[in-house]
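> Produce the complete structure using the sequences and hints provided.
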Amino acid sequence: MEYQFDFGPVFIHWPDLLRGTWLTIWLTLAATAIGLPIAAILAAIRSYGPRPLRWLVGLYVELIRNTPFLIQLYFVFFAMPGLGLRMTANTAAILAMVVNLVAYAVEIVRAGLEAIPRGQIEAGRALGLGPLRILRHIVLAQALRIVYPALASQFVLQLLGSSLVSAIAAEELTAVANNIMIVTFRNFEVFGVVTAIYLTLSLAFRALLGTVHHRAFRWIG
Amino acid sequence: MLRDFGPNELLYLITAARWTVVLSLLAFAGGGLLGLVIALLRVSPWKPLRLLMIGYIQVMQGTPALMQLFMVYYGIGLFGIRPDPWVSAAYAFTVSSSAFFAEIWRGCIEAIPRGQWESARSLGLSFPLILRLVVLPQAFRIMIAPTIGYAVQIIKGTSLASLIGFTELARAGQVINTITFEPARVFGCVALIYFVLCWPLSYLSQRLETRIARSRGESVSLG
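Residue numbers (our numbering), protein chains in the order written: chain A, 6 to 226; chain B, 52 to 274.
Hints may contain errors.
Stated by the list, open to error - If the Cβ cut is set under 10 angstroms, some of the chain A residues that face chain B in the computed set are:
1) 79
2) 86
3) 189
Simulated from the structure, these hints should not be mistaken for laboratory data.
As the structure is a prediction and not an experimental result, all values here were calculated from the model.
Ideal Cβ positions, reconstructed from N, Cα and C, are used throughout, including at glycine.
Here you go:
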């Protein structure tokens, strides 16, 4: 192998890499912040709602979980404008990520909801609590603790999966890598560096979420 | 010149889906074999090997599959070989699915109570024999459902190959979209084809999981 590795031309572009990394984190955080509350509501509907609504949420979950994220992304970015919804690449990216995340999170949260014994809900009703307060104080408070680890790994999967939104030219880390590759021709070095950045991000977030888990749930019991 | 999205275009998508299936089968078989070896080494009594496998799994699960694909695709070029989408995709998906298979199967193997390992060892069985006679036959039953479930992830994951120019279903969709400019119908059909490939497997996996959980007397919640 005659090839001489040269990372210099890649590191010259560190401001771009930094901006891309930041956008990757930002897209993931935004999609999670928007998606989780929606998922919690849909999971409650899926477990306790009226039958037609339950079925509808189930259909949504199955449709999204059995099709690739890339196609969902294309659908949002290319097909939505035809329906009168124009949006930037970043908005389309977040929307597609939310749609995808919600489907997985609904199933995760639902598993947590169903681990809460019915008797507790009945006890709450006997105390005169309304359905929303029962959901918040009795069911979700406990269910979120049960499902936290699964949600945390879903977050990391979301972070890694966000690399796909480079396909619609959202300027996150992978897209930055593609741009640097075009001007430096250092293909392998660029993707090596960017892969290392992703690895650092996912390990850091895993550690961070683990610490939060430890701290946040200790005093709840 | 724009074309309409008609039966010919749909047929083109369906024929392209065949490469999605072939690539998925390759990744499933290759990833399964490699993953089995890694899973067994991961539970083996040799610590350095175990640590090495933990590292491998961490790195593969901690980096995007797309990056792994690009690394292989552009990495091959360093050896003076012209990058080929087929070889790159098959290789990258094998490597990345092997890590996930290894983690799934390790979980199943470790679900077998520790006491069985200990009693087998006290009977004088070696590590390979314990695996073959005691652990794997029992673990196999609980391995089936999550393995089928992961096959769905593999099928969906092959869509990434479109980004290095491999003409499977996702890329065929892009091609048809460029000449018809009817994104809603084109990507709707593409999604539907993926759904037809994936949903039966998802369904089967969930059914098996429920049945095994019931047979063990666990409270059932579909994951």
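> So, against the hints stated earlier in the document, which numbers end up violated here?
3
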